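Number of protein chains: 2
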Amino acid sequence: MKAELISVGTELLLGDILNTNAQYLSKELAALGITVHRESVIGDNPDRLAQLVEDAKGRSDLLLFTGGLGPTGDDLTKETVARVFHDELVLDEGELDKIRMYFECRGGMPHNNEKQAMVPKRGEKIENTCGTAPGVLFRDEGCTAILMPGVPHEMRTMFERSVRGRLMEMAGGAIVSTMLHIFGPGESSLEEMVGDLLEGANPTAALYAKNCEVAVRVTARGADEKEAAALRDQLTARFRERLGDLIYSEDAEGLENVVVPLLVGKRQRLATAESCTGGLLAQRITSVGGASEMFDFGAVTYASSIKRRILGVKPSTLKKYGAVSSVTAAEMAFGIQREAKADFGVGITGIAGPGGGTADKPVGTVYVAVSTGHRVWVKRLSVEHSERSRVRRMSSQHALDMVRRLALGLEIPDARCFGRHAAEEF
Amino acid sequence: MKAELISVGTELLLGDILNTNAQYLSKELAALGITVHRESVIGDNPDRLAQLVEDAKGRSDLLLFTGGLGPTGDDLTKETVARVFHDELVLDEGELDKIRMYFECRGGMPHNNEKQAMVPKRGEKIENTCGTAPGVLFRDEGCTAILMPGVPHEMRTMFERSVRGRLMEMAGGAIVSTMLHIFGPGESSLEEMVGDLLEGANPTAALYAKNCEVAVRVTARGADEKEAAALRDQLTARFRERLGDLIYSEDAEGLENVVVPLLVGKRQRLATAESCTGGLLAQRITSVGGASEMFDFGAVTYASSIKRRILGVKPSTLKKYGAVSSVTAAEMAFGIQREAKADFGVGITGIAGPGGGTADKPVGTVYVAVSTGHRVWVKRLSVEHSERSRVRRMSSQHALDMVRRLALGLEIPDARCFGRHAAEEF
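Protein chains in written order, with our numbering: chain A, 54 to 479; chain B, 54 to 479.
A few of these clues could be false.
Unchecked claim - Derived coverage of chain B by chain A (criterion: at least 3 residues anywhere in the stretch with Cβ under 8 Å from a Cβ of chain A; other residues may be distant):
#: 1; stretch: 63–76
#: 2; stretch: 89–96
#: 3; stretch: 335–342
#: 4; stretch: 351–365
#: 5; stretch: 397–410
#: 6; stretch: 436–445
Read the hints as simulated data drawn from the structure, not as lab findings.
Computed from a predicted structure; not experimentally measured.
From the three backbone atoms N, C-alpha and C, an ideal C-beta is built for every residue, glycine too.
Same shape as in the complex, but just chain A:
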């Protein structure tokens, strides 16, 4: 099945909006095994839109539209596509009632909105549970057009509730997929580790790298969902065998979304002491709802005087090893853990750049330490040739992964372990 995406809206052509809808739908269609041959963006101009729809209808089996279902005179997608698909629009009293009800406590329905209740005579309407404009579906000469709103959350909800199922039927059989989230190896190392598993046709697997981590999407198609799931699970198991605890999660993206529930479940608490990450780690942890059950205190200790006073880092440590050192990181971790009476204390100190690098400790040198009270694990990172934001992000990734590993009783690769008096053992 050949598909095309058509996004309608002059605001897209002016660059006022980033077209995230196109990426979302591309991914979803890829997961359904439907090939997208072309994506177009066109303004709110009925002649140009009609020309594009004519062309697309001639060369593709499925057209997915977003945008142009609003109440204003500019919103012409439905009227234009109806014409090209030889259908007509009729008033749907049920939809009109819904729209009226929506506006009842908002000062009454503007006259304009009535046109949102127009639905195809031959085609179908598609329920919109988040807004006033229903989606619509037209069929003509072997081509199907599905029109969805342009507002991303309305579109996504409609797609998930009502469109995906229809497409699955059209594509025949069932398609299921899962995402494995991996922290540790970079994209190319991962490709070396699992390259041979990326080559199958069904199930398929694809690598994605972003935000200082990597993900693998495993997708399978079968006659029904059970058959598809069995195929997917077979391949997923092979990735699990190969990658083991490098996979931090299936489906939940973001290490913080794994670490927070993990510690909440174990009734363990975490505290953070950050220098170069400047609060990024605390911010990621507290971005998860319910973090207050495992997080009491985070300190952003930029100045050495604050590292001494709040965290109890020893003046002799700062003098002998410097503020950016494994011993300082270890003492920060011990200090915050003690101060917050937490189960885990994290200490991060490093050089995020652009200034501050030296020959021994270039920009990108970061020490990440996690203390459990009696012992502390410290990693030295070299996030070279990177921007400040990447150095910071990567440091917070390592910190979260170290906590995850300690909470699960896993080894921490490339970390050194010290006792309470790190400086003496160094």
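Please arrange chain B on chain A, whose structure you already have, making use of the hints.
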């Protein structure tokens, strides 16, 4: 002049990549007064690409391509467009030397990369200062095609250095623009304040809302840059008259990028005590290089016990007013300012959601306080019907804006001012 954007790459059709290039170019062309009529994404398929280029060449004056200039067999944009534009590609020895040099310390040039040195015989090559693939320009039958790399930073650098000037010439005259960054009013209030200034044809002004703030882009066209700049400055001055200190910056985006240099310049220091924002404010401040000159200490005090112990918030305050109250925010601000010996202390406490709201203090209720040691200013925010991330972002925006206003001696709208013993005055 009618323009089209064409992005080439199967990875875009699969949704692996968000098409930020299209938005960037749309904005830039809009600023140059060039109308984009259509944007297309097409895969690495020479027949489909050729068909699209034929069609586009017939209906538009300018085609801007991104992607498909790489060294692999899939990268066919240059070859395909050359054919449609009746031009041919010849080897450019200078480019080949550059590519060889680039690979010299990387183990030698792979044979594939030689094709990146092919340039148009009739058309032009466009220098790439960030990568190995030069851009190219073809002209045929009144249509100009410009091909740039797909890697965003290579494309942007090439656009800024070599393409924008060419387009300006093609569009005739000079175009200049400026961006006014505004914090305070929402998009619709701003539209009421300056709606009449948004209607001109030259200079033009357009509103953009994102990340809990609004921006106005003022663009003018003139016979030369001087004339264009004079027109732009006239309209900019009218916005300044109307909006005054609501404009926090011209061109530098992000309140942290204004507040950090402002305090560094005044040799003033800031400290932060955050509850519901969980380190977001500290993180924004320390994301700016050089923040260590104005920032020593940020505390993320989630637990009441930590608010008491680290910040000295009074048990009686917590008991009488609660952790989410203006008095607690004020005492947090005083506490961190004293503890860090800073000029300004910020305290933020609130309910970011999704849980924790009450009838009196629903989700989105946040108190932001800024202390100068003797006095404290407190604002109550109601960021209603918003996600956790928006409540947090908006709170950090208000905090930064309050600091900016205090540092500049401006009034803080909607804030109450207390002395040292906020609880007694309340």
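Verification of the supplied hints:
{"no.": "1", "hint": "63–76", "in the structure": "holds (count 11)"}
{"no.": "2", "hint": "89–96", "in the structure": "holds (count 8)"}
{"no.": "3", "hint": "335–342", "in the structure": "holds (count 6)"}
{"no.": "4", "hint": "351–365", "in the structure": "holds (count 9)"}
{"no.": "5", "hint": "397–410", "in the structure": "holds (count 3)"}
{"no.": "6", "hint": "436–445", "in the structure": "holds (count 3)"}
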